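Colleague: Each chain is listed here by its residues.
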Amino acid sequence: DSGVTQTPKHLITATGQRVTLRCSPRSGDLSVYWYQQSLDQGLQFLIQYYNGEERAKGNILERFSAQQFPDLHSELNLSSLELGDSALYFCASSVGVSGGAGETQYFGPGTRLLVL
Amino acid sequence: AQTVTQSQPEMSVQEAETVTLSCTYDTSESNYYLFWYKQPPSRQMILVIRQEAYKQQNATENRFSVNFQKAAKSFSLKISDSQLGDTAMYFCAFMNLLRGSQGNLIFGKGTKLSVKP
Numbered sequence: 028d029s030g031v032t033q034t035p036k037h038l039i040t041a042t043g044q045r046v047t048l049r050c051s052p053r054s055g056d057l058s059v060y061w062y063q064q065s066l067d068q069g070l071q072f073l074i075q076y077y078n079g080e081e082r083a084k085g086n087i088l089e090r091f092s093a094q095q096f097p098d099l100h101s102e103l104n105l106s107s108l109e110l111g112d113s114a115l116y117f118c119a120s121s122v123g124v125s126g127g128a129g130e131t132q133y134f135g136p137g138t139r140l141l142v143l
Numbered sequence: 580a581q582t583v584t585q586s587q588p589e590m591s592v593q594e595a596e597t598v599t600l601s602c603t604y605d606t607s608e609s610n611y612y613l614f615w616y617k618q619p620p621s622r623q624m625i626l627v628i629r630q631e632a633y634k635q636q637n638a639t640e641n642r643f644s645v646n647f648q649k650a651a652k653s654f655s656l657k658i659s660d661s662q663l664g665d666t667a668m669y670f671c672a673f674m675n676l677l678r679g680s681q682g683n684l685i686f687g688k689g690t691k692l693s694v695k696p
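Taken in order, these protein sequences are the chains called B and P. Residues 28 to 143 in this note's numbering are what the first sequence spells out, letter by letter. Residues 580 to 696 in this note's numbering are what the second sequence spells out, letter by letter.
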C-alpha cells in the first residue's frame, strides 16, 4: 500500500458525460501528479499540482481540468467524454520539498474509466 | 524532448533464473533521475528502483539491480533469483531535473515479464 488513495476504483459512463476522479496523497506530500494509461498512448503525464497551485502541464486535453484543495487532495475533472478517454487514471504524490523535482513518486491504485 | 525506449515488449524467465530488461533514453540534459516501476496484474504501480544520474554506482535493491551506462544512455534492470511474484509489466521512467520540468515522469512502453515455474 503506497498510502495514496483514489476513488472511485471503477467508473462506467456514457459519451458526452462529465466525471470527477478524486485523489488523496500520502500524508505530508505536497505534490500531486495525474497520469493516464491507455492501450494506444501508454502512460502519459497529464498535470501536476504543488501545494494547491498548478505546477506543470503535460498532454492534458482542454476538456480535462484538475485542482488541488487546501487539504491537499486533488480532483481530476473529465468532461464531454469520448470513447477514447477510456483508460486507467493514476494519481501519484511526492514530498514536494523541491517542487517535485528529483523526488520519488508513489502511485495510487488508479481509477479505471470506461466510456460507452 | 526526452524519450524512453524499451525494446523488449515481452520476456519470459524460469523461476530462480536471472533476467535483464533493457531501457534506453534520449536526453541532452546531464542532470536527471531514472526509475523502474513494476505493474502486476492488479495494475498498481510499484517503485522497484531508482538511479540518480550523477551517481556512478549502480543502484541495488535486494534481488533488483541496474546497469546504468550514462554515456550510452542505457539503464537496464537485472532481476536475480526470479520469483513467480515478479510476473508483471515493467516500466522504465525518466525524470528531468531541468528547472521548470518539476519532476514529471516520462515512461517507456513497458516490458511484460512472465516468470515460469
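Derived by calculation from the structure, the hints in this document are not laboratory data. Just so you know, these numbers come straight off a predicted model, no measurement behind them. Check each hint, because a few of them may be wrong.
[Stated by the list, open to error] Short, incomplete list of chain B residues facing chain P, as computed with Cβ under 7 angstroms:
1) Leu70
2) Gln75
3) Gly79
4) Ala83
5) Phe91
6) Phe96
7) Pro97
8) Gly129
9) Glu130
10) Pro136
Yeah, the Cβ is synthetic: ideal placement off N, Cα and C, and Gly gets one too.
Colleague: If a hint holds in the structure, say so; if it doesn't, say that too.
Modeller: To see whether the hints hold, each was checked on the structure:
1. Given the 7 angstroms rule on beta carbons, the hint for leucine 70 (chain B) holds: about 4 angstroms separates it from the nearest Cβ of chain P.
2. Because the beta carbon of glutamine 75 (chain B) sits about 6 angstroms from the nearest beta carbon in chain P, less than 7 angstroms, this interface hint is met.
3. Contact between glycine 79 (chain B) and chain P, as hinted, is not supported at the beta carbon level, the nearest pair being about 14 angstroms apart and thus beyond 7 angstroms.
4. Here the hint on alanine 83 (chain B) is kept, as its CB sits about 4 angstroms from the closest CB of chain P, short of 7 angstroms.
5. At a threshold of 7 angstroms, the smallest CB-CB gap from phenylalanine 91 (chain B) to chain P is about 15 angstroms, leaving the interface hint violated.
6. Of the supplied interface hints, the one on phenylalanine 96 (chain B) is violated, with its beta-carbon coming no nearer than about 19 angstroms to a beta-carbon of chain P, more than 7 angstroms.
7. For proline 97 (chain B), the interface hint is violated, since its Cβ never comes within 7 angstroms of a Cβ in chain P; the closest pair sits about 20 angstroms apart.
8. Using the Cβ-Cβ criterion of 7 angstroms, the hint placing glycine 129 (chain B) at the interface with chain P is satisfied: the shortest such distance is roughly 6 angstroms.
9. Restraint check, glutamate 130 (chain B) versus chain P: the minimum CB separation of about 6 angstroms is within 7 angstroms; hint holds.
10. Taken as an interface hint, proline 136 (chain B) checks out: its beta carbon lies about 5 angstroms from the nearest beta carbon of chain P, inside 7 angstroms.
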